[in-house]
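Using the working numbering, you'd call the opening residue of the sequence shown number 227 and step up by one each time.
None of these hints come from the bench; they were simulated from the model.
Backbone N, C-alpha and C fix where the C-beta goes; we use that ideal spot for every residue, glycine too.
Among the hints, a few may not be true.
[Unchecked claim] Restricting the straight-line Cα-Cα distance to at most 25 Å, the calculated cross-link-like pairs of lysine to any residue (SDA-like) are:
(1) 301 <-> 405
(2) 500 <-> 532
(3) 500 <-> 603
(4) 500 <-> 444
(5) 500 <-> 518
(6) 268 <-> 484
(7) 500 <-> 524
(8) 301 <-> 286
(9) 500 <-> 513
(10) 268 <-> 405
(11) 301 <-> 282
(12) 500 <-> 485
(13) 500 <-> 462
(14) 500 <-> 601
(15) 301 <-> 407
(16) 268 <-> 441
(17) 268 <-> 444
(18) 301 <-> 242
(19) 301 <-> 321
(20) 268 <-> 330
(21) 268 <-> 329
(22) 500 <-> 396
(23) 500 <-> 441
(24) 268 <-> 407
(25) 268 <-> 326
(26) 301 <-> 387
(27) 268 <-> 301
(28) 500 <-> 484
(29) 268 <-> 387
(30) 500 <-> 440
(31) 500 <-> 387
(32) 268 <-> 388
(33) 500 <-> 393
(34) 500 <-> 597
(35) 301 <-> 388
(36) 268 <-> 389
(37) 268 <-> 393
[Unchecked claim] Listed next, with one range per pair, are the computed distances between beta-carbon atoms:
(38) 466 <-> 390: 31 to 39 Å
(39) 584 <-> 477: 23 to 31 Å
(40) 527 <-> 407: 43 to 51 Å
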Amino acid sequence: MNTAPVKQLRESHMLLYIVILFLVEFVRGAALISFLSIYGHKALGLNLDVIGAAITAAYLTDTALKLAIGYLLDKLSVRTVVNGGLLCSLAGIAVLGYAQTPWLFITAAAVYGIGISPIWIVCLTRIKEESRGVQMGFLYTIWLVGMGSGPVVINFILDYSYSWAYWTLLGISIAAWVLSFLLVSVREMHIDRVPFREQLSILGSRLREMKVLLPGMVLQTLGAGMLLPILPTFASHSLGMTPSQYSLLLTVGGAFTVIGLIPMGRLADRLGKKWFLVVGFLIFGIVLYSMTRQPSIGLALVCALILGLSYAAVLPAWNALLAAYVPAGQQGLGWGVFSTVEGVGGMIGPYLGGMLATQFSESWVVRVAGTLFVLISLFYVFFPFRLFRGEKPVVP
């Protein structure tokens with residue numbers, strides 16, 4: 227097995243970036259999925275509408291500031307940007323533990339959201355072009371493991387002690403911030419110093435060049451976001467699952483996503499990205515829609531396995547395609563723009579899914595999301611992939 231792409235990730239302090247990324251994603255998953263809701267409601271006595279506003283504030287600042295962080299990465303050293311961002315996240319977590327008033331709780335969550343983006347965008351800019359799919363898969367593995375393990379660990383600690391859960395997240399945030407001081411302070415991404423207006427002009431031309439892809443960027447995250455608020459009740463009401471069985475369903479889907487990311491990324495590097503997007507979205511949509519037919523628990527777990535592998539096929543291929551449109555001299559700004567565009571769907575989706583479920587049903591939302599993913603797949607069948615750079619299959 228060729229391990230050169232993974233070895234390249236270990237070079238030039240990349241292992242340090244990966245460790246910091248894991249810690250940041252661990253805290254993100256723990257905070258946004260479990261800690262804010264449970265600690266805010268039970269330990270601080272805040273109402274659920276305040277907690278919902280706080281989670282929204284964190285997502286909004288994370289998404290809105292991706293563009294600004296990208297620009298800073300084009301102008302400042304990696305260490306300065308990452309260190310400053312992690313300091314904001316640390317401050318947000320620190321204040322959350324004592325934020326008994328709604329405005330302070332929401333503000334602290336918003337400040338926490340500011341510091342999430344820099345380390346992820348930096349990792350994206352350091353991937354080698356010749357093996358982007360494999361390395362993208364490796365980074366997404368780190369992201370998924372961090373995001374997935376965070377809620378599991380913090381839920382266990384919350385059952386024992388709210389205070390311990392708070393100090394655990396604070397300690398991990400401090401560790402990530404301290405590690406960021408070890409990053410080299412020079413600008414390592416070989417970014418040309420180009421005036422900001424000229425950078426926006428370059429990116430504007432790239433966005434116009436790939437404007438037909440922009441709806442897909444939003445719709446993909448919109449479809450996924452629609453599922454977030456309704457999945458627990460869908461599993462309970464439509465699939466008849468207990469909370470422990472639902473946890474098993476999520477674990478199976480997440481595990482097979484992690485298992486499939488690197489192999490799928492390697493295949494996408496060799497064979498081209500088109501059919502990984504087409505087949506991945508098609509299978510994802512069909513299987514998602516089929517789960518509204520109330521399958522048995524065993525069959526539902528098989529569906530989760532297939533959904534995980536389909537997601538693993540899509541992620542590296544999609545991000546490798548986006549990478550072709552990031553200007554070589556403005557990588558930080560470029561990834562910030564694309565991440566912001568993708569984040570629009572992620573912000574709208576949860577609200578839309580919750581509203582539709584209230585008006586109709588959870589199963590209705592799952593059907594809509596499944597149909598949306600099938601339509602996205604058909605779109606990529608007819609999309610002129612020859613316009614993309616690097617889409618000729620690599621001959622072994």
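Tested hints:
With a C-alpha separation of about 22 Å, the suggested pairing of residue 301 with residue 405 holds against the 25 Å cut-off. Proposed proximity of residue 500 and residue 532 is supported: the alpha carbons are some 19 Å apart, at most 25 Å. For the given pair, residue 500 sits about 10 Å from residue 603 by alpha-carbon distance, which is consistent with the 25 Å threshold. With a CA separation close to 18 Å, the supplied pair residue 500 and residue 444 stays within the 25 Å bound.
As the CA atoms of residue 500 and residue 518 are separated by approximately 28 Å, the hinted pair breaks the 25 Å bound. Distance hint between residue 268 and residue 484 is unfulfilled; the C-alpha atoms sit about 33 Å from each other, more than 25 Å. The straight-line distance between the Cα atoms of residue 500 and residue 524 is roughly 32 Å, outside the 25 Å bound, and the hint therefore fails. For the proposed pair residue 301 and residue 286, the alpha carbon gap of about 24 Å is at most 25 Å, so the pair holds.
In summary, the hint linking residue 500 to residue 513 is supported, as the alpha carbons are separated by about 20 Å, within the 25 Å threshold. About 32 Å separates the Cα atoms of residue 268 and residue 405, which puts this hinted pair outside 25 Å; it is violated. A C-alpha spacing of about 29 Å is found between residue 301 and residue 282, which places the hinted pair above 25 Å, so the restraint is violated. Only pairs whose Cα atoms come within 25 Å are accepted, and residue 500 paired with residue 485 is accepted, the gap being roughly 21 Å.
The suggested pairing of residue 500 with residue 462 is violated, with an alpha-carbon distance near 36 Å, which exceeds 25 Å. The straight-line distance between the Cα atoms of residue 500 and residue 601 is roughly 15 Å, inside the 25 Å bound, and the hint therefore holds. Between residue 301 and residue 407 the alpha-carbon distance is near 18 Å, which keeps this suggested pair within the 25 Å criterion. Simply put, residue 268 and residue 441 have alpha-carbon atoms about 40 Å apart, too far for the 25 Å limit, and the pair is violated.
Distance restraint check for residue 268 and residue 444: the Cα-Cα separation of roughly 35 Å exceeds the 25 Å cut-off, and the hinted pair is therefore not satisfied. A C-alpha spacing of about 22 Å is found between residue 301 and residue 242, which places the hinted pair at or below 25 Å, so the restraint holds. Distance restraint check for residue 301 and residue 321: the Cα-Cα separation of roughly 30 Å exceeds the 25 Å cut-off, and the hinted pair is therefore not satisfied. Between the alpha carbons of residue 268 and residue 330 the distance comes to roughly 17 Å, so the proposed pair stays at or under 25 Å and holds.
Of the supplied pair hints, the one linking residue 268 and residue 329 holds, its CA atoms being roughly 17 Å apart against a limit of 25 Å. For the suggested pair residue 500 and residue 396, the alpha carbons sit about 43 Å apart, so the restraint of at most 25 Å is broken. Restraint check for residue 500 and residue 441: the C-alpha separation of about 17 Å stays at or below 25 Å, so the hint holds. A distance of roughly 36 Å separates the Cα atoms of residue 268 and residue 407; the hinted pair therefore is violated under the 25 Å criterion.
For the given pair, residue 268 sits about 11 Å from residue 326 by alpha-carbon distance, which is consistent with the 25 Å threshold. Of the pairs offered as hints, the one joining residue 301 and residue 387 is violated, with about 43 Å between alpha carbons and a cut-off of 25 Å exceeded. Restraint check for residue 268 and residue 301: the C-alpha separation of about 43 Å exceeds 25 Å, so the hint is violated. The hinted pair formed by residue 500 and residue 484 meets the criterion: a straight-line CA distance of about 21 Å does not exceed 25 Å.
Taking the CA atoms of residue 268 and residue 387, the gap is near 11 Å; set against the 25 Å cutoff, the hint holds. As the CA atoms of residue 500 and residue 440 are separated by approximately 16 Å, the hinted pair is consistent with the 25 Å bound. Pair hint residue 500 plus residue 387 does not hold up; C-alpha atoms about 49 Å apart against a cutoff of 25 Å. Taking the CA atoms of residue 268 and residue 388, the gap is near 9 Å; set against the 25 Å cutoff, the hint holds.
With a CA separation close to 46 Å, the supplied pair residue 500 and residue 393 exceeds the 25 Å bound. Pair hint residue 500 plus residue 597 holds up; C-alpha atoms about 20 Å apart against a cutoff of 25 Å. About 41 Å separates the Cα atoms of residue 301 and residue 388, which puts this hinted pair outside 25 Å; it is violated. With a CA separation close to 12 Å, the supplied pair residue 268 and residue 389 stays within the 25 Å bound.
For a cut-off of 25 Å, the pair hint linking residue 268 to residue 393 stands: about 16 Å separates their Cα positions. For the hinted restraint 31 to 39 Å between residue 466 and residue 390, the CB-CB distance of approximately 35 Å keeps it satisfied. A C-beta distance of roughly 28 Å is found between residue 584 and residue 477, which places it inside the suggested range of 23 to 31 Å. For residue 527 paired with residue 407, a C-beta distance near 44 Å keeps the hint of 43 to 51 Å intact.
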